[in-house]
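Student: Below are the chains, spelled out letter by letter.
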Amino acid sequence: MLVAIVQRGLVDQSKIRAGAKRAERALAPDVVRIMFGLAEDSTGQISLFFRIVISDDAAKPNRLRESTQRIIAKVSKEIKADELGLESYFNFRSRSEQAALKDPFWEPQ
Amino acid sequence: MPFADDLLEQARHLANREPKRPRQASLRRAVSAAYYALFHLLTTEMAKNWKRAADRAEIARIAEHAKMRTACERQRSRLNEYFKTQPPVDHKQEVAEHLRRVTNAFVLMNEHRANADYNNSAKWTRTDTLEKIESVEAAFRSWRKIREESEAKDFLVTLIVKERK
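From first to last, the protein sequence lines stand for chains Z and H.
Going by this note's numbering, the first sequence opens with residue 1, and the numbers climb by one from there.
Going by this note's numbering, the second sequence opens with residue 1, and the numbers climb by one from there.
I should point out that these hints are in silico values taken from the structure, not numbers from a laboratory.
Mixed in with the good hints there might be a few duds.
Said to hold, decoys possible - No farther apart than 20 Å at their CA atoms in a straight line, the calculated lysine-lysine pairs in the PhoX-like style are these:
| no. | chain 1 | residue 1 | chain 2 | residue 2 |
| --- | --- | --- | --- | --- |
| 1 | Z | Lys102 | H | Lys20 |
| 2 | Z | Lys74 | Z | Lys15 |
| 3 | H | Lys145 | H | Lys48 |
| 4 | H | Lys84 | Z | Lys74 |
| 5 | H | Lys20 | Z | Lys60 |
| 6 | H | Lys67 | H | Lys153 |
| 7 | H | Lys67 | H | Lys162 |
| 8 | Z | Lys102 | H | Lys123 |
| 9 | Z | Lys21 | Z | Lys77 |
| 10 | H | Lys153 | H | Lys92 |
| 11 | H | Lys51 | H | Lys153 |
| 12 | Z | Lys77 | H | Lys84 |
| 13 | H | Lys153 | H | Lys48 |
| 14 | H | Lys84 | Z | Lys80 |
| 15 | H | Lys123 | H | Lys20 |
Claimed, not checked - Which chain H residues face chain Z? A few, computed with CB under 7 Å, are given here:
| no. | residue |
| --- | --- |
| 16 | Thr125 |
| 17 | Thr127 |
| 18 | Glu131 |
Cβ atoms here follow ideal geometry from the backbone N, Cα and C, with glycine treated the same way.
Bound-form chain H, shown alone (with noise of 0.2 Å):
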């Protein structure tokens, strides 16, 4: 299994990992790897558009979180203003869709995760941790939809290369 699919089974693991009184460590971990799932997803696919295999890894180590969410609120707000634009219910419409909740998804992650990684004083419970934890599986079935898709590929390209105004 991918690495990216196994920290998301991980994840699965931890939330449901004490049956009656989840600890916070199980909790925040479970979200902490969702989170992880959804990186390494994307700079794996990014670093598969990369001609040669053997630079592959070093390439996906490019990627940083904080350029990444940049580029997933970017690209979000974009979809989020051609949406605003009532486009017909196409292929293209559905593949824009696809991509908004893959970087919506990733924007919003990446805020739980700082929360569940160093907010000491947040209580995390079961629900809102499984609840993290399908959102990032629902950005996994949309970004296995469209990973082929030109839109898709040139989406994985801004997030490594910095924006050209």
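Chain Z extracted, bound-state conformation (with noise of 0.2 Å):
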């Protein structure tokens, strides 16, 4: 679906999907993708839930704090969530987590 109805009106997917792909370039080699879906969470609102493979030096543990941080930044500023009106969540897994688990729900859509 490109457009989701959401309660402040509509959402158009492909701006967000632009979004999180700008930030994807400007974030590599610590980003390797940015996945997201649009979805209800527990409260029953439209929400965006966003996936993210980081690399794994980003992902040591002296490193991801200001990793993390600095991605929800970029991701949030690039998509526009202020405007969007949407919460965002974001998870994140290192590549060699997503290596191991071989998650089809974390790979290239």
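Hints in hand, dock the two standalone chains.
Tutor: Structure, rendered in structure tokens:
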């Protein structure tokens, strides 16, 4: 679905996708890929759920907080999260964690 | 050590419990414990403002997760509006930034905790779990910097009272 109807109106997913792509390029090599989906959160509100694969280096304990904060800020800026009026949730995993899990939900769509 | 800090320490312990292949049970309980650490930090702080010490445990039990989340969403929204005005970098702005970090962490962790506790299809990793724990640790640090501020004490009241329009 390209356009989703949410409480505050229509959400053009292609703009979110483009923003996520810009963030992905800007944040390489720390970011391997950024994926997202629209779904209801536990309160029933349509929200954005990001799945972000990061490099093993960016996931190192001494870098994790800084890496993920920078990624969240960049993605939020590129998708104009403020204007969307949607809650954004972020989940992260390292490249080697995904390689071990082979979780299809986290593979390129 | 206060109960909230114990829960946060337990979250880290669970996240690192299996050095090689972490069990989903450990990671999911770690995320849940991190959320509850923040929940108990705020409810305990809220109760501390009640004058009669003997009533504080009961006062803390008034708090409900959904209402606290709504209060945090509302406070965060107010703070976001405030930051849009590009306020001067001063003490007030610093307090607002710390409070925004606390409220944001509560909202997000409330959701991640629901996912960790009830969604059997989601697979957690150590990286993701530690990222959630670190967001709570940052919220703890922020809270401790502002806990004596009137803005912070006002916020605590909103966790249990109905908003007046």
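Student: If a hint holds in the structure, say so; if it doesn't, say that too.
Tutor: Hints versus structure:
1. Our distance criterion of 20 Å between C-alpha atoms is met by lysine 102 (chain Z) and lysine 20 (chain H), whose separation comes to about 17 Å.
2. A distance of roughly 15 Å separates the Cα atoms of lysine 74 (chain Z) and lysine 15 (chain Z); the hinted pair therefore holds under the 20 Å criterion.
3. Restraint check: the Cα-Cα separation between lysine 145 (chain H) and lysine 48 (chain H) comes to about 16 Å, which is no more than 20 Å; the hinted pair holds.
4. Restraint check for lysine 84 (chain H) and lysine 74 (chain Z): satisfied, since their Cα atoms lie roughly 17 Å apart, inside the 20 Å limit.
5. Pair hint lysine 20 (chain H) plus lysine 60 (chain Z) holds up; C-alpha atoms about 15 Å apart against a cutoff of 20 Å.
6. The hinted pair formed by lysine 67 (chain H) and lysine 153 (chain H) meets the criterion: a straight-line CA distance of about 17 Å does not exceed 20 Å.
7. Note on lysine 67 (chain H) and lysine 162 (chain H): the hinted pairing holds, with a Cα-Cα distance of about 9 Å set against a maximum of 20 Å.
8. Between lysine 102 (chain Z) and lysine 123 (chain H) the CA atoms are separated by roughly 11 Å; this keeps the pair inside 20 Å, and the hint holds.
9. This hinted pair checks out: lysine 21 (chain Z) and lysine 77 (chain Z) have alpha carbons roughly 12 Å apart, not beyond 20 Å.
10. Between the alpha carbons of lysine 153 (chain H) and lysine 92 (chain H) the distance comes to roughly 14 Å, so the proposed pair stays at or under 20 Å and holds.
11. With a C-alpha separation of about 14 Å, the suggested pairing of lysine 51 (chain H) with lysine 153 (chain H) holds against the 20 Å cut-off.
12. For the suggested pair lysine 77 (chain Z) and lysine 84 (chain H), the alpha carbons sit about 14 Å apart, so the restraint of at most 20 Å is met.
13. Restraint check for lysine 153 (chain H) and lysine 48 (chain H): the C-alpha separation of about 10 Å stays at or below 20 Å, so the hint holds.
14. The straight-line distance between the Cα atoms of lysine 84 (chain H) and lysine 80 (chain Z) is roughly 14 Å, inside the 20 Å bound, and the hint therefore holds.
15. The suggested pairing of lysine 123 (chain H) with lysine 20 (chain H) holds, with an alpha-carbon distance near 16 Å, which does not exceed 20 Å.
16. A cut of 7 Å between beta carbons decides the hint on threonine 125 (chain H): the least distance to chain Z is about 4 Å, and the hint holds.
17. Because the closest C-beta pair between threonine 127 (chain H) and chain Z is about 5 Å apart, less than 7 Å, the hint holds.
18. The interface hint given for glutamate 131 (chain H) is met, as the beta carbon of that residue sits about 5 Å from the closest beta carbon of chain Z, less than 7 Å.
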